[in-house]
Amino acid sequence: GRSYANMFWEDRLGDAEIVIVAMGSLALEAIVAANILREEGHKAGVLGLRVFRPFPKVDLVKALSKSRLIVVFDKNISYGSEGATCSEIKSALYGSGVNAVIRNFIVGLGGRDVKAREMADAVKKALPSLKEGVLNSEYPEWICHI
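According to the numbering used here, the sequence shown holds residues 44 to 189 in order.
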């Protein structure tokens, strides 16, 4: 059979209170966004998913256990709901004891480029959720390019 080791990679999760979760090209842009956030004094890290199925629930819970804010960027939509990655993250964390705020942003639809600055700004937009005590936003926010 096929080996499914290393289903995701981590960048600076050791001290990260804010974790950006993304796949593919978004994950690489997320590293730059985390650099921007760290320069501004936020403890940000990145979890980049390599595969979607099988979803790495057990390892993911362990990797996200210290996070306070998880910001998931999806390049897909599930009509009437959040992005697929965010939905899987919430499912994996449910009942695990990880009490992070989870926010979802839908970006890059139609092949649009997503820049690191836009991702960093979206994360900063999600920061008040920590102070307000909002556990999870039921619906994603869309970042559209006009």
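Note that these hints are calculated values from the structure, not bench results.
Predicted model only: the values in this text are computed from it and were never measured.
All C-beta atoms, glycine included, are put in the ideal place defined by N, C-alpha and C.
Careful, some of the hints might be misleading.
Here are the simulated lysine-lysine pairs, BS3-like style, with alpha carbons at most 30 Å apart [as the list claims (entries may be wrong)]:
| id | residue 1 | residue 2 |
| --- | --- | --- |
| 1 | Lys158 | Lys118 |
| 2 | Lys109 | Lys168 |
| 3 | Lys133 | Lys174 |
| 4 | Lys86 | Lys100 |
| 5 | Lys105 | Lys167 |
Cβ pair distances, simulated, as ranges [stated by the list, open to error]:
| id | residue 1 | residue 2 | range |
| --- | --- | --- | --- |
| 6 | Glu53 | Gly140 | 32 to 42 Å |
| 7 | Lys105 | Ser130 | 32 to 42 Å |
| 8 | Asp156 | Ser108 | 13 to 23 Å |
Structure-based check of all given hints:
no., hint, in the structure
1, Lys158 with Lys118, "holds, 13 Å"
2, Lys109 with Lys168, "holds, 21 Å"
3, Lys133 with Lys174, "holds, 20 Å"
4, Lys86 with Lys100, "holds, 24 Å"
5, Lys105 with Lys167, "holds, 24 Å"
6, Glu53 with Gly140: 32 to 42 Å, "violated, 20 Å"
7, Lys105 with Ser130: 32 to 42 Å, "violated, 20 Å"
8, Asp156 with Ser108: 13 to 23 Å, "violated, 33 Å"
Violated hints, listed in ascending order, are 6, 7 and 8; each of the other numbered hints is respected by the structure.
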